Each structure stands twice: as C-alpha cells, then as structure tokens.
Amino acid sequence: MKHMIPINRKARMIEALVLADKHRAHAMSLPDPPFGCTSIFAPGWEVTSDGGTYNLCTPIERDLYDCYHSCYWPAQVPDALTNSPKWADSCGAPVNDWASIDLVFP
Amino acid sequence: MRIRTAPHHRFRSGDESFVYASTSASILKVDALVVRLLEAFDVEDGLEPGEGLERFRDAGDEAAETLDEMIQAGLVVPADTPPLSVPEIPPMPYPLGTLVLNVTNKCNLSCTYCYEYGEDRLSRDEASRPPTTPMMPAGKARESIDFLLENCGDRRSVTITFFGGETLLNFETIRSATLYAEERCGERGVRVGFALTTNATLLTDEVIDFIVAHRFGVNVSIDGPARDQDRHRTFKSGRGTYDVIAPRIRRLLERNRGLGRPIGARVTLTAGSLGVRDLYDHLVGDLGFDEVGFAPVTSAPGRDYALSPEHYSRILEEFSSLAEDYVAEALAGRHHGFSNLNDLLRELHLGTNKAHPCGAGLGLLGVSTEGELGLCHRFVESGAHSVGDVSGGIDEKKRREFLQRGHVSQKIACGSCFARPVCSGGCYHEAYVRYEDPSQPNLHSCEWIRAWTALGLSCYARIMQGNPGFFERFENSPVRPPAPGGNALKPTSNESMP
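Sequences listed follow chains A and B, in order. Residue numbering for the first sequence follows the numbering used here, starting at 1 and increasing by one per position. Residue numbering for the second sequence follows the numbering used here, starting at 1 and increasing by one per position.
Keep in mind that the hints were calculated from the coordinates and are not lab data. Just so you know, these numbers come straight off a predicted model, no measurement behind them. Be aware that one or more of the hints could be misleading.
[Unchecked claim] DSS-like cross-link-like pairs, simulated, lysine-lysine; straight-line CA separation at most 30 Å:
id: 1; chain 1: A; residue 1: K86; chain 2: A; residue 2: K22
id: 2; chain 1: A; residue 1: K2; chain 2: A; residue 2: K22
id: 3; chain 1: B; residue 1: K106; chain 2: B; residue 2: K398
id: 4; chain 1: A; residue 1: K22; chain 2: B; residue 2: K29
id: 5; chain 1: B; residue 1: K236; chain 2: B; residue 2: K106
id: 6; chain 1: A; residue 1: K2; chain 2: B; residue 2: K398
[To be verified] To spell it out: a stretch of chain B is covered by chain A in this simulated footprint if at least three of its residues, at any positions, have a beta carbon under 8 Å from a beta carbon of chain A; those stretches are:
id: 7; region: 31-37
id: 8; region: 150-161
id: 9; region: 252-259
Note that the Cβ used here is the ideal one computed from N, Cα and C, for glycine as well.
Put together the whole structure using the sequences plus the hints.
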C-alpha cells in the first residue's frame, strides 16, 4: 500500500492477505469452495437437490430470489450478499410485486 | 454503490497521522490524502465514489487509487453495511482454559466497598437460598480440576485461579488442589498455571514458600499507603490493615524476586482515593511490586465511595500522567508496571477485536464453594446465572444463550463506537449491578473508555515512532492468566484472539 503503512500486527496480517490475493483470478467473484446453487443444482438445472425433474428449466418469479439470495447468478440478478442487500425490500411476494423491483446500475 | 467511512479513530503523533480502523482493529500510518478522503466520505448515507472523488481532482488518479486501498483495508464500506456483523459465537462447546475456584466466601476483612458482601452482591438477591458452604472442600477442588481437564478440549495449557473471600483462609484446599492439578495435568501432558488473589493478611512464610515454588501469579488487593489502604480496607473491628500487610508483602516480593512470576498490586479507586501517580510510586517504589493495576470501584450509584463523572475525569488525568512515565521508559527499552496500559497496548498491538468483552462463559468459568458453575467468579452462587455444576457438567443451553445475548452485535450503541474492538460493551457484572442485565453495554463508561483508548493509541504511536522493537515482547507472549477482580476498565480475560 502506498498511502497507508500498517503499524500493528493485525494491520500487517491484513496487508499480507490482500497482497496474496491480488494476482489471483476469481471466477464470478465467488469464493473458492462451491456454495449455494452451484452445489445443489437448483433451479433450471437438470435435477433438483432431491433428484426431482418436475417443472425444471422453466423460469418462474421465484427464481429471482433463488439467484439473489445465494448469489448464484450475479451477472443477471443483483446479489444480496455484498452489493445489493436491500434490492428486494420493496417486493414482498414476487408473484404480485415483481414490477416494484427496480433495475440496478452498478 | 454509495460508500462511507467505517467507524475509526484518527489521531496525530508528532508530524504523522494515524488511523485505528475499528472494523479490523488495524492501526495504520496514513498520508494527508487518506485523511482528506476519510473526511470527505464521513457522511451517514454515504456518497457515490465518483461524487466524493469530484473534490479530489487535484490529486488525479492517486485519489481513486487511495480510495481503493482504503476499501481493501475496511476503512471505507458500502453505505448500507450494517453497523455490526451477525452474532456468531464460536463452535460450542468451547474448550475451557481457565477455572476460577472460589475456595471460600468468607473474608477476615470488612472492606466497606466490597461487592462480595455489600448491597451489590448478586447472591443476596435470593434471600430464600440456604446458606452455602463457607469453605470449598479439597475434594470439590479436585473434582473441579477433573472437570476442567474433561472440558479443555485439546488446549495444551490451562489456568487455575483461586479466588474468594480471602483465598488464604482456605490454604489447605489451595495446596491440595495445586498438587493434584500438577499431577493430573502432568499425566495428560497439559501445562498448568496458577493464580491467586489475596489481601496479604495471611501471607505466612509457609504460604509464601509454596506460592513462589509453584510460580503462582499473585494479585494483592491493596489501595496504597496507610492513608488510602486504611480508608476502606479494614478488619472487622474497623482497624486499618496497612501495618499488618506491608511487612508480609515485602517478604513475599523479596522471596519471589528472580524465582516466581511478576507480582501485581490491584488498587480499587474510590471517591476519596484517586491519586494514581502517588499510589503507583508507593506500591512500586516503596513496596517493590512488579506491576500495578487500577480498577474503579464497582457500585450502584449513590454510595459515598461511588465515583462521579468528575472523579472519572480526574482518574483519566492521573492515568495520562502515569502513561507519560510509561512512554519514557518504553522509549528507553525498559518495562513499566502500569498494567492497565500494558494490557491495552498488548491488545492494540495484536489487533484484538472482541466479540465478547471477556472470556466469562466462553473459556472461563467460576466455581462456587459447592461446585456450582457461574459465568465468572463474580457470578457464582447467583442462582439465576448458574450454568451448571462441576459434577453434572455445563448447562450448554444457558451458556449459549448468554453468549448470544452478550455478543457485541447485540449492543446497538457499540455499532458506531471506535473503541468497540477493545471494549465490546464492558464487564457483565458491572452491567448487572448498574442495569440488572449482564448483556447491557456499560453506557455510563463509554466516554471514559473512548478517552482511555485514545490515550492508549497515542502512546502506542509514540512508542512505535521512537522504539518499534519494544512491542516484540507482545508478539508471542501468551495471554496472561486472568486477574480476578478486574472490571469494565480491565477485562479479566480475553478469549477473542486477533
């Protein structure tokens, strides 16, 4: 860091972590281990988490939340984890209120 | 996305600027651009980065680059970041590291401010409770040690602290427990350390030899020279205790020198006795203590010894004056025995960031004379706060509930405070005495804690500028065994490692 010099031990540890991470590529900004939908094949994938195939590959309003909460498809839907925790606040039930959800311009 | 500065404390030392970032407990030396950016984004609802950077056209690309560094360091965060994270407690059952054995609830003194016997005592709340055993039998102490070893997980060292009452009234149990613990821990390959708090009246040669030989960490409760000591610390007859304890303390310190661990004095500050500097000089200079810790008296408001806001300002002035001596010694590479500051500087250096104010209920439990488990020694025999007993084990449900309620994220007022990493709301017992709820933050101490933390940060920076090698002593030093009798200003133990 150019403008800040770590002084105590904690600051030195954080700097080392940041530097170690600097040149590593991250796929879709996900942390390394798979989590959320990436490990359970929900929704729109071939099978559900319990092996069912009913009604798959059919986008429904509910999918908004599946992708939003678990950050599964950040390129299409804002993610609740880091960037847009309040995005769906205006929408209590997607079936009725989907039109109140706004676009997000990063 | 709108961004804003996270809670932090900015300060200067000499010509340089520093920041204590409360999200991470990092201390950073920063340049003028960082200071300007912190000021610019110090807006409650935050600013769009571009909007905030408008004012920094003079700095060119440097400003955006610096802002990026500040985000990485957690100094600037998204504006809608909640003030505190969710209450995550460590995986339970958390391994015990320290057991505080109340070997007796009797005392041979009648200190007028004592929370153990005065109106502030917790166990007096339940008048219907039958009287408890005054002395812990040796068998119960051995059972407690077995309990500690069963519940210490894979820790390689444990601490047994003896507390009271006056601990030395039950020296036989202390002796037997010490020998038993050394034997059992030896078999298990676990290191064991001992600590003891005493009023020094019963320090006979036999006792002294024993505690020196077994390397006890000793905390002597003493309020200063006769004038201060005898004001509150009296025998039941009302006679002062100074003349009895001074020669015994001298003998203890003499025998311990070079053999045992450093011996500390613990001073209770009351309305009539606030000359910290003079008290320190007497205890270290005249009596020869290795260190001195000061703790303001715990009391509900209204007692004649209770401390007013003016008293607290005076204590802070006295602390800063003693801190000057500390810094001068540290710059010369020497140890200074102002233990409140030693503890604070250790935490600041390591970047300790506490989710809970102390280890009570987490790595530390108190044991009553009958084997009942309390959150700490101050909560034993308090009935409602019991978390099990050494025979039946820990009531994990109550323990977990307590830790969740006591988590710093539950203390709304702490969300915007820069001193949160070192304070985390302060002593549970103090909060109970004040607000009848141990999970409340000690709001009456906030201003004081912030001023004290700011003083510590300023000392830290000055020592870092003049003698950075001084802090190496804190790098690998184990956390000291908890000193029973601490309070909001001197947490008794710290389980929250950096």
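Numbers of unmet hints, in rising order
Hints 6, 8 and 9 are the ones this structure does not satisfy, whereas the remaining hints hold.
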